[in-house]
Amino acid sequence: MKPFLNISIWIFVIGCLCRCTDQQQECLAYQGKIQSYACDGFVIKVTNRSVNSFMESGAGRVENVIAARIPIGSAFYEYFGEPIEEPKLGQSFFFEFRELLPEEKNICTTMTAEPSRSVFITDFSLECGD
1 MKPFLNISIW
11 IFVIGCLCRC
21 TDQQQECLAY
31 QGKIQSYACD
41 GFVIKVTNRS
51 VNSFMESGAG
61 RVENVIAARI
71 PIGSAFYEYF
81 GEPIEEPKLG
91 QSFFFEFREL
101 LPEEKNICTT
111 MTAEPSRSVF
121 ITDFSLECGD
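Residue 1 is where the sequence shown starts when you use my numbering, and the numbers rise one by one after that.
Derived from the structure by calculation, the hints contain no laboratory data.
Incorrect hints may have been included.
[Said to hold, decoys possible] Here are the simulated DMTMM-like cross-link-like pairs (lysine to aspartate or glutamate), alpha carbons at most 25 Å apart as the crow flies: (1) K105 - E127; (2) K33 - E56; (3) K33 - E85; (4) K45 - E99; (5) K105 - E26.
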């Protein structure tokens with residue numbers, strides 16, 4: 001009976017270690033998809049959490065969207081291209097951001113639908129753990 005107990009303990013310990021390793025694979029905080037272009041960059045629809053931002057458009061009010069400025073030369077542009085390749089528009093990605101400072105905002109000379117929140121992308125990944 002004692003050898004069986006030892007095997008059971010080892011199986012339990014190994015199972016816990018495997019689960020812990022999987023749980024440690026962290027994603028960047030936000031997940032989203034590019035919706036369109038905006039004066040301050042791209043309109044991104046955030047799909048995994050609330051960002052307290054909206055946009056009025058011809059189709060009505062669109063919730064949970066942000067205008068995002070993305071640094072030129074970043075991994076984002078390496079993947080999506082410049083201009084963004086049409087087949088990749090629906091691609092989901094993970095990212096982090098900070099608020100866009102007032103001095104960083106563009107002065108828009110045309111009337112376009114703009115999200116109520118403008119941000120600067122600080123980190124980008126196509127998958128969790130990248």
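Worksheet item: Does the alpha-carbon distance linking K45 and E99 stay inside the 25 Å limit?
Response: The given pair, whose Cα atoms are some 16 Å apart, holds under the 25 Å limit.
Worksheet item: Holds or violated: are the alpha carbons of K33 and E56 at most 25 Å from each other?
Response: holds (18 Å)
Worksheet item: Would the pair K105 and E127 pass a check requiring their Cα atoms to be no farther apart than 25 Å?
Response: violated (29 Å)
Discussion item. Against the 25 Å threshold, does the CA-CA distance of K105 and E26 hold or violate the hint?
Written reply: Violated: K105 and E26 sit about 31 Å apart, past 25 Å.
Worksheet item: Going straight from one Cα to the other, do K33 and E85 come out at no more than 25 Å?
Response: With a Cα-Cα distance of about 13 Å, the restraint between K33 and E85 holds, given a limit of 25 Å.
Violated hints for the displayed structure, listed by number in ascending order: 1, 5.
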